[in-house]
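Visitor: Turn these sequences into a full structure, and let the hints guide you.
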Amino acid sequence: MLEMKNVTKIFNPGTVNEKLALDNFSLTLEDGDFVTVIGGNGAGKSTMMNAIAGVWSIDAGQIIIDGTDVTKLSEHKRARFLGRVFQDPMTGTAASMGIEENLALAKRRGRSRFLKTGISKKEREEYKEKLKILDLGLENRLTTKVGLLSGGQRQALTLLMATLQKPRLLLLDEHTAALDPKTAAKVLDTTEYIVTRDHLTTLMITHNMRDAITHGNRLIMLMDGKIILDIRGEEKKKLTVEDLLHKFEAASGEEFANDKVILG
Amino acid sequence: MNILNLLNALPGAISQGLIWGITAIGIYITYRILDIADLTVDGSLCTGGAVCIVMVLSGQNIYISMLAATLAGMTTGFVTGIFHTFMGIPPILSGILTQLSLYSVNLKIMGKANQAINVDKYDLLVSLRYIKGVPFYQNPIFIVSVSIILLVILLYWFFGTELGCALRATGCNSNMARAQGINTNLSKVLGLMISNGLVGLSGALLAQYQGFTDINMGRGAIVIGLAAVIIGEAAFKRIFHNFGFKLIGVALGSILYYLVLQVVIWLGIDTDLLKLLSALVVAFFLGIPYWKRKLFNTGYALKKGGNNHA
Chain A
1481 MLEMKNVTKI FNPGTVNEKL ALDNFSLTLE DGDFVTVIGG NGAGKSTMMN
1531 AIAGVWSIDA GQIIIDGTDV TKLSEHKRAR FLGRVFQDPM TGTAASMGIE
1581 ENLALAKRRG RSRFLKTGIS KKEREEYKEK LKILDLGLEN RLTTKVGLLS
1631 GGQRQALTLL MATLQKPRLL LLDEHTAALD PKTAAKVLDT TEYIVTRDHL
1681 TTLMITHNMR DAITHGNRLI MLMDGKIILD IRGEEKKKLT VEDLLHKFEA
1731 ASGEEFANDK VILG
Chain B
107 MNILNLLNAL PGAISQGLIW GITAIGIYIT YRILDIADLT VDGSLCTGGA
157 VCIVMVLSGQ NIYISMLAAT LAGMTTGFVT GIFHTFMGIP PILSGILTQL
207 SLYSVNLKIM GKANQAINVD KYDLLVSLRY IKGVPFYQNP IFIVSVSIIL
257 LVILLYWFFG TELGCALRAT GCNSNMARAQ GINTNLSKVL GLMISNGLVG
307 LSGALLAQYQ GFTDINMGRG AIVIGLAAVI IGEAAFKRIF HNFGFKLIGV
357 ALGSILYYLV LQVVIWLGID TDLLKLLSAL VVAFFLGIPY WKRKLFNTGY
407 ALKKGGNNHA
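From first to last, the protein sequence lines are chains A and B. Following my numbering, the numbering of the first sequence begins with 1481 at its first residue and continues without gaps. Following my numbering, the numbering of the second sequence begins with 107 at its first residue and continues without gaps.
Hints listed in this document are in silico derivations from the structure and should not be mistaken for laboratory results. C-beta: ideal position from N, C-alpha, C; glycine also. A portion of the hints provided could be inaccurate.
[As the list claims (entries may be wrong)] Which bits of chain B does chain A cover? Going by a derived footprint, with three or more residues having C-beta under 8 Å, they are: (1) 114 to 123; (2) 271 to 285.
[Unchecked claim] In silico DMTMM-like links for lysine to aspartate or glutamate, alpha-carbon gap of 20 Å or less: (3) Lys1625(A) / Glu339(B); (4) Lys218(B) / Asp320(B); (5) Lys1485(A) / Glu1510(A); (6) Lys1625(A) / Asp320(B); (7) Lys1716(A) / Asp1513(A); (8) Lys1646(A) / Asp1660(A).
Guide: Spelled out as structure tokens, the structure:
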């Protein structure tokens, strides 16, 4: 479903701030894989996602989504393959537009936009049904401006938008990190529900080791732009946070220094 | 200080306000919807006037001339859009570059710094001579009001279409727009074209109305337009929530601006100072949201997502 082959990305090349963010990075995802991604700050997690999404072009390597080489495609052209939810709840939605208008924008992802009406009556009914899944009462507030919603509500809505048309690949970039624990748990539950229901191939970055272990069928850990741990199948099911810490130390040769990851 | 002088001047002020209202609606589209302060308008207003007058002088039909003026305006917006999206120049600088180049272009269109047209010899749609003593359907206030209503209906429809929604999303949150597969560069170019097309049309009407086009007629158009947008929003924000009515509110704001201007002139202020006053008033009102946020820490919930300035 996704193939990243020897992807390299260097930020600020030739300056004192030069940073090798992805180092000959390769990753292959099978159809239906739900992969959780952990790693410290600056490990390359978000860089990996932005490389897939095409926020900027990569310096070397190749990215293939569902058989299509997207390496040279611009961000908006790749969007038809991808559903994306960002860390900042402000990023995923248009604040000055209504809930239904945001959903209608997502519904048309990857299609040509011309002078047809922005939202049809039939769609409104569909959105009402889909919003009920979130269990936030948004189904009765279709015309409410998204800017008036809470961060959790906006993340849940962004998640719904990302999966409104089945994406080939769902990218979740720490989408619960900015939320309070209760809201985060709810958004994560909804994520699990939708991913399982639609059998979505998913990449989820998280700061929380427990979440990374509980969810998905494969876990990868990144450090310095490389995958240093790759655990899947039965081995992942039996994994504990302690195991993970030991494995990290063995793989990296240093102690895990990020409290937020351990305690989060 | 004869009050009759003021009353006599009011219909003229309303007509001018309405004609500038079309410019203001154009500026609303770039400034409020696309989140771009587009300085092209200072040049494209004159381009519209010049194209219209020169075509009419050469014997063209007035409607065709006005359509050509609109298209000329759209072309100027296209150029600014290309400067911004294709060449990566910041939007304000892109507008300034187009504006400056239009100074030469406008001179070439007109052949000299100004071009007069006599309403008695040519068949014009609006003229300040028609303010009084003509049937109502020839009165510029009536004609421009009807034009504005038609334009607002057209814009209301457009911004409800898929393409219009894409444009609004681009202005609101360009990161989100790209993630939803919207070509934000295309949206910006399109928005600038629509906006400057309206400004060109407004210039064509203004040139007919005053009976001449002048190389300096667009100077400060962006400020007048912004003033109209701000006044319109401040005066009608509690009444007009619907997008179409907001646009009407902007046009009414432009009328209010010209009425106030007329009163200020009537009060006997040195007219040389008018542009200074306009700029200061606009600066004051543009500063209000910033100070509101600073003092009361409000408005966070409606803050736009992400960094939209490409």
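Visitor: With reference to the structure, classify each hint as holding or not holding.
Guide: The hints, checked one at a time:
no., hint, result
1, 114 to 123, "violated (count 0)"
2, 271 to 285, "holds (count 11)"
3, Lys1625(A) / Glu339(B), "holds, 18 Å"
4, Lys218(B) / Asp320(B), "holds, 9 Å"
5, Lys1485(A) / Glu1510(A), "holds, 14 Å"
6, Lys1625(A) / Asp320(B), "violated, 44 Å"
7, Lys1716(A) / Asp1513(A), "holds, 13 Å"
8, Lys1646(A) / Asp1660(A), "violated, 28 Å"
Checked against the numbered hints above, the structure violates hints 1, 6, 8; every other hint is satisfied.
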